[in-house]
Amino acid sequence: MRHKEDRRDPCPKALVSVPGWEHFPHDADLGLCGWGATVAEAFEQAGHALTAAITDAAVIPRTSVEVRCEAPDIELLFVEWLNAIIYEMAVRHMLFDSFAVHIEGERLEGKLQGEPIDVRRHAPACEPKGATYTALKVAKSPNGIWSAACIVDV
Amino acid sequence: MDPALFTRVDPTTWRVEPTGRMRVPAIIYADEDLIRGMDDKVFAQATNVAMLPGIIGASYAMPDAHWGYGFPIGGVAAFDPAQGGIVSAGGVGFDISCGVRTMLTGLSVSDIMNVQKSLADSLFQNIPAGVGSKSAIRLDLIEMDLMLAGGARWAVERGWGEWRDLERIEERGTMAGAKPEMVSERAKERQRREMGTLGSGNHYLEVQAVAEILDASVADAFGLLKDQVVVTIHCGSRGLGHQIGTEFLKEMVMTAKESGIELPDRELACAPIHSEVGQRYLGAMRAAINCALANREILGHNARRVFGHFFPDCALRLLFDVSHNTCKVEMHVVDGKRRELFVHRKGATRAFGPGHESLPKALRSIGQPVLIGGSMGTSSYILVGEATSEAKAFSSACHGAGRALSRHEALRRWSGRKIVDDLAANGILIRSPSTRGVAEEAPGAYKDVTAVVAAAEQAGLARRVARLKPLICIKG
Numbered sequence: 002m003r004h005k006e007d008r009r010d011p012c013p014k015a016l017v018s019v020p021g022w023e024h025f026p027h028d029a030d031l032g033l034c035g036w037g038a039t040v041a042e043a044f045e046q047a048g049h050a051l052t053a054a055i056t057d058a059a060v061i062p063r064t065s066v067e068v069r070c071e072a073p074d075i076e077l078l079f080v081e082w083l084n085a086i087i088y089e090m091a092v093r094h095m096l097f098d099s100f101a102v103h104i105e106g107e108r109l110e111g112k113l114q115g116e117p118i119d120v121r122r123h124a125p126a127c128e129p130k131g132a133t134y135t136a137l138k139v140a141k142s143p144n145g146i147w148s149a150a151c152i153v154d155v
Numbered sequence: 003m004d005p006a007l008f009t010r011v012d013p014t015t016w017r018v019e020p021t022g023r024m025r026v027p028a029i030i031y032a033d034e035d036l037i038r039g040m041d042d043k044v045f046a047q048a049t050n051v052a053m054l055p056g057i058i059g060a061s062y063a064m065p066d067a068h069w070g071y072g073f074p075i076g077g078v079a080a081f082d083p084a085q086g087g088i089v090s091a092g093g094v095g096f097d098i099s100c101g102v103r104t105m106l107t108g109l110s111v112s113d114i115m116n117v118q119k120s121l122a123d124s125l126f127q128n129i130p131a132g133v134g135s136k137s138a139i140r141l142d143l144i145e146m147d148l149m150l151a152g153g154a155r156w157a158v159e160r161g162w163g164e165w166r167d168l169e170r171i172e173e174r175g176t177m178a179g180a181k182p183e184m185v186s187e188r189a190k191e192r193q194r195r196e197m198g199t200l201g202s203g204n205h206y207l208e209v210q211a212v213a214e215i216l217d218a219s220v221a222d223a224f225g226l227l228k229d230q231v232v233v234t235i236h237c238g239s240r241g242l243g244h245q246i247g248t249e250f251l252k253e254m255v256m257t258a259k260e261s262g263i264e265l266p267d268r269e270l271a272c273a274p275i276h277s278e279v280g281q282r283y284l285g286a287m288r289a290a291i292n293c294a295l296a297n298r299e300i301l302g303h304n305a306r307r308v309f310g311h312f313f314p315d316c317a318l319r320l321l322f323d324v325s326h327n328t329c330k331v332e333m334h335v336v337d338g339k340r341r342e343l344f345v346h347r348k349g350a351t352r353a354f355g356p357g358h359e360s361l362p363k364a365l366r367s368i369g370q371p372v373l374i375g376g377s378m379g380t381s382s383y384i385l386v387g388e389a390t391s392e393a394k395a396f397s398s399a400c401h402g403a404g405r406a407l408s409r410h411e412a413l414r415r416w417s418g419r420k421i422v423d424d425l426a427a428n429g430i431l432i433r434s435p436s437t438r439g440v441a442e443e444a445p446g447a448y449k450d451v452t453a454v455v456a457a458a459e460q461a462g463l464a465r466r467v468a469r470l471k472p473l474i475c476i477k478g
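From first to last, the protein sequence lines are chains A and B. Taking my numbering, the leading residue of the first sequence gets 2, the next gets one more, and so forth. Taking my numbering, the leading residue of the second sequence gets 3, the next gets one more, and so forth.
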């Protein structure tokens, strides 16, 4: 008997509410997905899921950071988007809680808003190292809702 | 996993013969309970790795194997460049050269117990841990390149370590072939303020007691005595390694097709060893190995400073420092011939047996210390490389307990505060910036490390020498 690759939808709640995000389990790391009326909104919601992987505390949007990325297809672009947020978090020692995404073809322009990490207040639980191609799926459901999901190495 | 997926060769060897695009068999070393506890995806990932070009022998998984991305965590595979072999960024992972070092304090448990709380607080204050923690060390671009070329030797030259440590570090502290110029500016920027930081997740610094000696003569040669105290640090190449992994994974996904490689899974992104991308990755990955070796040397130095405050005569002698996530060029005997292979270990430890030329004189006749990390409340183990390990899995062994439950499930089951209190009641002090982080890393979220190392020993990968019990754990 051969194992068949698991193609279950990692983002089932995308069918019932707009917009939103959630985490889904992975043995060692963490799955996250976002959904919304547009692919950009799904990406923005996934940004919230990424921050929620790190902290349960409120993150105040005090400072803006602009990011740009590109990739040959929409799924690779989603990984690039998450990696752009992870990079800015790492080098600026910041957390973000406001995400605005504009996608045109293979390019994404995003605006992140957040604040420096306050270890005492944010009590960060884990550190995302990079977004992976595992359980990677960006898709539009039959009811027209976009979802974007992948595993993040933490 | 269903054991029926495999042919059971012996009590700890499970084999899948090549079918479809598999070029070699997949072999998992584990007992039946560990096999049953593994996610089905370990099977899928181990068989996918067996499809990669130039793979030699078999695609192996260690007893602590679990679902990774591309390769399983606990995956080992060797590739021959002469047969179109590849190097895979996914096969090394994001945390390049994440590994463990153990240092001998020469102190007894009773010495430590008198100051356990103050020592825990002082270590937590002086070892930057967790997201947002900052190092006192800042590197400019010149110093960054020197660090990436020099590894632990660079740290010692700057006064953050001891010369005698170097022979007890894999590659004698400096990974040859590192090319700092192949490391992007973004990766360097990510590391600028991270030297000497512990990171988070499953990374830790533990003060441990030698609770049990399982092989008296090897323990004696390693300097391990019952009831003595050791310090173990588990950490990697921090942001620099993560960024290199991120960038090359993307590049290899996009260039694999041009190289004629049909990927069974995008996460197995790879490039021919002799290709321009492959060579650039090797140069950057080796620089990241040096970053990890330097980082653990600095962390060890800071631990020494703290111990020196409490115990002025305490020297903290390094037993060994070994990495888990690497691709290394090694000579191995295959079908009676010695061949140069590119051995990927992702969540697996190098475990050279006795007589290996790369081991320092004091350890050569004994074998390499194999350091197996526990999980805050559970035991850790020190093993020694076995001569049989080369034929079994290119001289590799397990690296830790391996996760059994997701973070999600751990958070559902446990409260971080209660774990800290319960462990304190058992004499184990946890210091962490995040109680949620402690819950996600709950000891119960990991497999039974004792079963994992017993399976590794039975499979002939490495032999148990000593069991360690935690006294203090600094978690990121």
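Treat the hints with care, since some could be wrong.
Claimed, not checked - Footprint (simulated), chain B over chain A, 3 or more residues, beta carbon under 8 angstroms:
#1 28 to 41
#2 67 to 78
#3 125 to 133
#4 145 to 155
By construction, these hints were calculated from the structure, which means they are not laboratory data. C-beta: ideal position from N, C-alpha, C; glycine also.
Verification of the supplied hints:
1. 28 to 41: With 4 residues close enough to chain B, the hint holds.
2. 67 to 78: holds (count 3)
3. 125 to 133: holds (count 8)
4. 145 to 155: Check passed, 3 qualifying residues.
When held up to the earlier numbered hints, the structure conflicts with none and fits them all.
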